[in-house]
Amino acid sequence: MRVKFTLNGQPVELDIDPRETLINTLRLRLRVKSVKRGCERGECGACTVLVNGNPVVSCILLTIQVDGAEVTTVEGLRGDMLFEKLVKSFIENSAVQCGFCTPGILLTVYAGIKQGRIKSTDDAKEYIGNLCRCTGYVKIIEAVTRVSREVWS
Amino acid sequence: MEFRYIGKKIPRKDAEAKVTGTLKYTYDLEVPGMLIGRIVRSPYAFADIRRIDVSEAVRMGAVVITPDDVPQKPYNPRLVSVHEVTFKDTYILTYKPRYLGEPVAAVAAPSEELAQKAAESIKIEFERIYKPILDPFEAMKPGTPKIHEKIMRGYEWIEVENNIAARLEYDEGDVKRGFEEADIVIERTFKTGKRYHMQLEPKAVLVIPEPGGKLTIYTTTQSIHNTRILISQLFDIPESRVNVVRVPIGGSFGSSIQTNYLVPIAVALALKAKRPVKIAYTREEDILDHSNFVFYFKIKVGARKDGVFTAAEFINILDVGAHQIQPYPLLGTSLGWFVSMYKWKNIRYRGIAVYTNKVPGCAMRGYGAPEVQWAVETLVDEIAEKLEVDPIELRLKNYVGRGDIFWGQGPTVKSVIRSDGVPELLLKGRELIGWDKRGHPREKKGRFRRGIGVGRGFHTSGAGGPISGEIIDYTGCILKLNEDGTLDYITALQDHGGGTLDAHVKIIAEELGVPPELINIVTASTETTPYDVCTHASRGTYVGGECARRAAQIVKQKILEIALRIINKAVNPDALKIGYDEELKQSIVYVEGTSIKIPLAEIARTAWQRSWGTIGAFVTYRATSAPPSFTVYFVEVEVDTWTGKVRPLRVIAGADVGTPINPDMIEGQLHGGFVMAWGMAFTENTRYDPVTGEIMGRGLITDYKIPTAADVPAPEEFTVIIANTYEPTGPFGAKGFGEAATNPAVAAILNALYNAIGVRFYELPVTPDKIIEALRERGELEW
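Protein chains in written order, with our numbering: chain A, 13 to 165; chain B, 11 to 793.
Only chain A is shown next, with the shape it has when bound in the complex (with noise of 0.2 angstroms):
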């Protein structure tokens, strides 16, 4: 089946099987390996990307839905003001550890506080699904806020 979308603005047209999923499409065939499998059941977040600039968990999307969306991922955020202050304020407060979920967490805020979703942190810690195992969110929530506090105030 034929499916076009752009990713981070690029075109890109597929022929692809209607039954394969997007972080399959995206990890396998378009080689963007931000992107993470943790759990395959859309759990997890790891696996987050932007489609029309909502998190989606690209595990349990198939890629024909997104035909004719606009994705996403972190390489495509590069020099967003929003985002370089995300990834500033990650750095500054340690709240990266291990990493493996940071590019999905990224994407889930990013898109919360464009969108006025995340403002306090009270909205973060709603808001923020994906998993992590090594920092307890509370060093993510504080990073987070840090830059909805700014971009909100």
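Calculated directly from the structure, the hints in this document are not laboratory data.
Take the hints with a grain of salt, since some may be wrong.
Residues from chain A shown here face chain B by an in silico Cβ test under 8 angstroms; the list is partial [stated by the list, open to error]:
#, residue
1, Cys113
2, Gly128
3, Ile140
Here the structure is a predicted model, which is why all the values come from computation and not from measurement.
Glycine included, each C-beta is placed from N, C-alpha and C at the ideal position.
Go by the hints and put chain B onto chain A.
Only chain B this time, still in chain A's reference frame:
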């Protein structure tokens, strides 16, 4: 002591690569011609296989291996103990699966889809299917079928009796007399859940056969060297022909101290295919690869009216699952944690590790300490209540502290405690949490009830000691000055995410007087690094860091010698110093009180240009001590007595880490450690279907709940206090911390739960239904 780099917040070197997703983990790796491997697993928990029909898979073009294609020698995937106490009962692939999910065959094919289809086409014909034995007490009964007949202990075959995998007994003093002297005696039994590590990266491996029969292996491991040794032993390949490369790892928490089962399977596939083979577990396979042991404790403690303990008896039954991933040393550490908590005076210990048809149990952050400290800290609170003394006072009176003998990692790893922040942390924490106003559970009414609890504990820093014991513990590193004045630091230690190697860099920077930016953490493999046993036992900073410091000390000496040669004047060598020159913005060697200063870069360049040789150091190091890092948690919880839900309100986490190398990372460990303990207390357990022996919910993580961001305290309610201590045996006074950060947190949480509702729970996890049930039994619920 004034430090330039230590104790300062310096972002970790790999942070940007991690945040922007450019860092490659094992499962991200690809090489040309690579095949994808899939493992065929037993659908039964305990069975004999008659035949494995692989014809369809072969017809599909897959490379297939069965037990006939792999060396049939028993092994233990974890090589931390000396050979004589390493029990070997695992086979790469087996005709006699002993847990549901045990690998029986494997395939490799050019794509994941083909590999999966080939794996599904394999037909297993069973000779006999046995009823799974899931309860260790049933397993020990005479007449229960044997899960293993014969296993190897070192190089000897031994007979397994009553499914007992290993035993350890210990007696000290006169327990009978000790209990007679006691005014009160309390006895309790405890049981933990079978927790799963749930590290975010499922295990993965890539094996590349190189020309000339050599193998290059990339895998999720905490010990590249032990993985090399194991593969060398299993396949009879010289160690020099096996190179294991260190790859960033997406968390571990003890689950890759052993070489994960997929590594030898991928090696066998790659050897047969003569092509690179990669295997990456799905999450469900990962749960079938490793989980924690189940602990059953029976503990009896005696105390006098004046609050002095007189005796303790500790029965420890470990459910080890179907194979040994070294539960024998865990019998030792369980005892070690127990005797190092309080001065019991008279001790009787019986430890028995028992086989069941479950996923093999392996170490998980704390290696028995969270479990033992939960039990002991529960009992200490109960004794305090009975004696009507303050629980904090009782702890201060009896705990094992400065000047006492600490058991580190069990009876063969003993050392004297030299740094101890317990009083400081207990007293500060007591103040901060408002301990004296916590009230009695009797006084608490209404739907939402709050409680405050304390838990005190520790973890060892490594497993070193004055005398070599049953646990191997030494490390090594190389440090060299490059021709431009930068440095390469070479070590086999791993960073699981806690920032271990960044700590080493800061230690080197401090010792040398050069900024951390100049020090490069070199890609490491077994053929380029000296042996290191494993990044486990919270030894990364304490042992690895001291090794790095010693290397820096040697390099510093050599730099000064070269500098002296360049200066070519009668300078007193003791007057030569290395420091950072703020004007030149670089490191220099200078003579105090003179205008003599030479940039480090110039020294390096000169040594190169004049062919004076490379300035470097090769150090191998074993610590003579394994000091405890003490941790004290004060926790306030709120219980919803209608739903049984508990939430954390406030946490005071006190850490005695000696000198904190990176305070940010210490905080990060405490946050993560507390939240992991929260899961252990309330949700985490892999339950087994009693009929089939399958993990309920088929091992999907939908049914294994770890805490989310919504479950943790707000950042402003999580206070970290670091004790003002200095460990004289550690690098710049530092101790280890990864495990201490979690160990006593469960105890504090559940003591807080008791303080809120007046109920103690002796079986983990304490799920909401158990809380509701307990309140209902007391007639406390309105309906």
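These are the hints, each one checked on the structure:
no. : hint   : result
1   : Cys113 : holds, 5 angstroms
2   : Gly128 : violated, 18 angstroms
3   : Ile140 : holds, 4 angstroms
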